[in-house]
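**Q** Letter by letter, the chains look like this.
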Amino acid sequence: MNALEIRGLKKTFSGFQLGPLDLTLPGGCILGLIGENGAGKSTTIKLILNMLRRESGTVTILGRDNGQDLRSIKEEVGVVLDEVGLPDCLTSAQTGRVMEGIFRQWDAAAYASYLRELGVPEGKAFKEMSRGNRMKLGIAVALSHHPRLLLLDEATSGLDPVVRDRVVEMLADFTRDEDHAVLLSSHIVSDLERICDYIAFLHKGKLLLCQEKDRLLEEYGFVHGAAGELAAIDSAAVLHRSEGRYGAEAIVLRRAVPAGMAISPVTVEELFVHMVKGER
Amino acid sequence: MTIWIDNRSGTPIYDQIYTQIRRQIVGGELKENELLPSIRGLAKDLRISFITTKRAYEELEKEGFLYTVPGKGCFVAPRNAELIREENLKKIEAHIEEIARLGAACGLSREELLDVVRFGLEDER
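Chains as they are written, first to last, in the working numbering: chain A, 1 to 280; chain B, 1 to 125.
Calculated from the structure, these hints are not laboratory results. Possibly wrong hints are sitting among the right ones.
Part of the chain A face toward chain B, derived, beta carbon under 10 Å [what the hints assert, rightly or not]:
1. G57
2. D197
3. L209
4. D214
5. E270
6. V273
Which chain B residues stay away from chain A? Per the calculated CB distances, all over 12 Å, these [said to hold, decoys possible]:
7. P12
8. V26
9. R79
10. E97
11. E112
The beta carbon of each residue, even a glycine, is placed where N, CA and C say it ideally should be.
The following block holds chain A by itself, in its conformation from the complex (with noise of 0.2 Å):
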């Protein structure tokens, strides 16, 4: 079963239009979703939990329309949001008892637990965290109510690059279970890239792709060479090119480079930025 279906999902506000959007994330699987900031990220998440009202299209979470039985829907699926909202003068024991009243199925031990491995301050209201604590003590909320699908709106983008790779193996261990997926939005993926199964890029409310990542990072390469040799790739297969005075680099199809010149690796973030500066 597919954890997320988005069909002719639009929304629109003055100078901005988000979709028609289309986008499936499979059970068991995690989707990097990619975009500048103003590219309609949490816009989207925000239509799936019908925050906002969404035009037309549908979106259907774990099997089920979101307009219907949003309540019980809401109980399976685990959010962070950019800006994280819990109770300010409440410390984080205080907000898993009010957790507790809320989730059927909230998992005290669990939290517990997660706190301690994101080493959430103990004692401290959350007006007085950090960004970062507040991020983490809200990835430790969406976990501890046994969700089967995870939405994280930039959730990792304050958090220091310890903690980002203990987050990274959370969400490998979240989705050994066939059944649980992850969607993960962000600016930049970084870190989290290699966890992904599906990327997606969205530029100015509109997918420009998306796909397999490792069949994406598989077709893409970097060359370098002299300007002239460069020239020898066929226009066609070339995303980007940029000419220096000391030579030229481009990122190319791979298929269509020549025999006996160097192809390196691309990133994703690589990819998405001439992306992007080719649409424009």
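Add chain B to chain A, keeping to what the hints say.
**A** Leaving out everything else, chain B in the frame of chain A:
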């Protein structure tokens, strides 16, 4: 079983898994009918995409290195001489491709390249 994923090598990840498991099967480090890690488990342990791992397993199965028992998992296929010969032929082809690539890179003609190969083979005798 040992598997190393090198993110900086530029070799596709599925290929790295495929090559390493294949090598361990051909080399006998993985025994006949030995149970391999589950596709999902391996992906999560290596912290890589599940789809990629699945693709490596599918490739290995297609080539007869492993077989799947529904509900039980993937197992190492019994070794057969044909497969190993096939495997070595593949290695030779890969080396020849590399020779052709390097030859082209330094502007050797076909004839010159063949000469080098001939000399090399003479030396072997």
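**Q** Which earlier hints turn out false for this structure, listed by number in ascending order?
**A** 1, 3, 5, 6, 7 and 10
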